[in-house]
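Protein chains in written order, with numbering that gives the first Met the number 0: chain A, 0 to 508; chain B, 0 to 124.
No wet-lab data here; the hints were simulated from the structure.
A few of these clues could be false.
[Unchecked claim] Per label pair, the in silico range of CB-to-CB distance: (1) Gln41(B) / Glu363(A): 14 to 20 angstroms; (2) Leu263(A) / Ser114(B): 45 to 51 angstroms; (3) Ser118(B) / Ala220(A): 45 to 51 angstroms; (4) His245(A) / Lys46(B): 52 to 58 angstroms; (5) Lys92(B) / Glu227(A): 27 to 33 angstroms; (6) Glu227(A) / Ser118(B): 53 to 59 angstroms; (7) Asp343(A) / Lys92(B): 56 to 62 angstroms; (8) Lys92(B) / Ser303(A): 40 to 46 angstroms.
[Claimed, not checked] Residues of chain A placed beyond 10 angstroms of chain B at every Cβ, according to the derived structure: (9) Ala265; (10) Glu274; (11) Leu289; (12) Thr290.
Glycine is no exception: its CB is placed at the ideal position from the N, C-alpha and C atoms.
These are the residues of each chain, in order.
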Amino acid sequence: MQPNRFKRQTLALFFIVSLIPALVVASIWYLNMQADDQVHILVDFQAFVLPVFLLGIVPAMVLSLVFAELLARPVRRIHNAALELAHGHFNTHFKEQGAGEFKDIGEALDQVASRLEQTLSAAASETALIEAERNKLRGVLSAMTDGVFALDKDGRIILFNRAASELTGRSIESVAGQLAEKVMPFRLNGELVMTRWLATQQGTDRIGRWRSLELYREDGASLFVDVEAVALSNDPNGIRALVTFHDLTARQQLEQMKVDFVALAAHELRTPLTEIKGYLDILQHESKGLTKSNREFLARSMSSATRLTGLVNNLLGVARIEHGELNYQPEPVDYLAFAEDIIDELKPGLKQQQVAFEAKLPVELPQLMADPIGLREVIVNLVDNAAAHVAPKVGQVTLTIRRHRDDIETSITDNGTGIPASALPHLFTKFYRVDEMKSSTRGTGLGLYICRSIIEAHGGRIWAESKEGEGSSFTFRIPLRQVAPTSKSDNNTTITRGAHGWIKEHSLH
Amino acid sequence: MAGSKNILFIEDDRLISEMYARLLRADGYNIDFAYNGAEGLQKTKNKHYDLILLDIMMPQLTGIEVLHELRGEDGHGNPDTKIIILTNLAQDKTSREALKSQADGYIIKADIVPSQLASIIGKLL
């Protein structure tokens, strides 16, 4: 209630209350006039009633005015204090503004005010905390170098960080609410692998990871990224999936530079080797005037130069495996003819090293799908290894090929020094060499690692068995895969020598 | 017989091509040399070769570019001429590019010796 209206109403009430005796006095006076001298029992009006009335009513009026003002003042003060409160000034003290009963009201209102203040300040600090958290989250998301976005249940984008925007060239506004498969189509060989996976993850919390997915930028340039998607089944904020992606373009360029560098470095190493081997070969062909020991020196030089070439090739091979350059390119291979070719090629070298060689081959074998470049490297490597670990003259190397259920098994066995049992599990590890200090044979410790990588690319496995002092046996099995009948006609490539060399078969007579 | 066959080395390293040529001449082949890609292309226009031994890393025109000139869609090379890449560059991508561009072979120099090259050529021609 407005304090001024309260004052007016109080005044009006007092006025009405004072009016009642005034009316009584007035009616007595009127009766007195009518009756004239007839009713003298009544007091003398003019002499007594009127002055008494006038004396009574005027102070009453004044008092009512004062009282009304006294009543209105605390109400007015409380009203003003309430207005202050409404404007957020919680330090208003109602209690001091009131008097009497108004003091109690003031106290109650003070309590209300302080409660209100507490509640409001708690709410304010909570809001500030939420805001701070939100800013922190926003800061983290925007500072991340990986792209991050979130999808709702319909696969629409509801969050998109700055890195995602920079990597894709799409603004945050332009992707908001868009279907992820439209604006963020991660592809592996043209397939939308991520969104397809998400569609199958209803009601589960799972993480999906993909390497080297292709993504087109807004400007049409393509981008290669590693992607990790978290499917959420029950997120309170309606997030169905959270996706992060990492740009590989820079790394891939660096990897390619490394591969190119290694290839060029290997090229530079091979050039002098070519001449050393080449002139040694010419000398061997024109060695009529040389003594027997001179010819032996030539043979040893040639053997070392050949081994050095092998080491350079191995280093390059490892670089290729490390950078995913080792391409497994299978084609139908007539494994028997293929093995016979390799054996023919290896025999002269073994004879020179005075190592006896025996091949145990089956009468026939089905064709198999294999990468002939890789398989050739494996067989040559294993035979070379075996020959290096046997003693001249008594050394024996046996190559056995047989069918083992649905696999083709190839074993290279020697009667050499053997391998300690403790070394067997590590043989196919990169840079592993058996008893390095005592070893009389040289190598990079890469050959068997390369062999394993090649055999595993064929879906096969390779292992070693050995008895110290008795010899070793290296075996690999590769599965026989159905050879498509039409693919044989496409095959016009056969291998001559070296990891990369090839001569088209139809070019040969 | 080998005596009537012409072989062209397109190779910027004279010593290397001379080294291979020594045994090939002994086998009775006629050997010509070109020391860069442009010169090699010029020589193929003037004379028929049964075999071209082509290096990859050469100044001005690479072996792959020479291969494209000879075997490309509007290439002017004689289809009867066999082309073998003879290089020390063992890059998968180059090897595959050579295969795609209709080379007849790809040989890593360091992996063979002149007598082996002579025996491969003996089978080819």
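Status of the hints after comparison with the structure:
The hinted range of 14 to 20 angstroms is not satisfied by glutamine 41(B) and glutamate 363(A), whose Cβ atoms lie roughly 52 angstroms apart. A beta carbon spacing of about 28 angstroms between leucine 263(A) and serine 114(B) contradicts the range 45 to 51 angstroms that was offered as a hint. In this structure the supplied range 45 to 51 angstroms holds for serine 118(B) paired with alanine 220(A), their Cβ-Cβ distance being about 50 angstroms. As the Cβ distance of histidine 245(A) to lysine 46(B) is approximately 57 angstroms, the hint placing it in 52 to 58 angstroms holds.
Separation of lysine 92(B) from glutamate 227(A) is about 30 angstroms and conforms to the stated range, judged on CB atoms against 27 to 33 angstroms. Under the hint 53 to 59 angstroms, the C-beta atoms of glutamate 227(A) and serine 118(B), about 55 angstroms apart, fit the expected range. In this structure the supplied range 56 to 62 angstroms is violated for aspartate 343(A) paired with lysine 92(B), their Cβ-Cβ distance being about 31 angstroms. Separation of lysine 92(B) from serine 303(A) is about 31 angstroms and departs from the stated range, judged on CB atoms against 40 to 46 angstroms.
Distance check for alanine 265(A) against chain B: the nearest CB is about 6 angstroms away, which does not clear 10 angstroms, and the non-interface claim fails. The claim that glutamate 274(A) lies off the interface is violated: its Cβ sits roughly 7 angstroms from the closest Cβ of chain B, which falls inside the 10 angstroms cut-off. Listed as a non-interface residue, leucine 289(A) keeps its Cβ farther than 10 angstroms from every Cβ of chain B; the least gap is roughly 16 angstroms. Residue placement check: threonine 290(A) keeps its beta carbon more than 10 angstroms from all beta carbons of chain B (closest about 21 angstroms).
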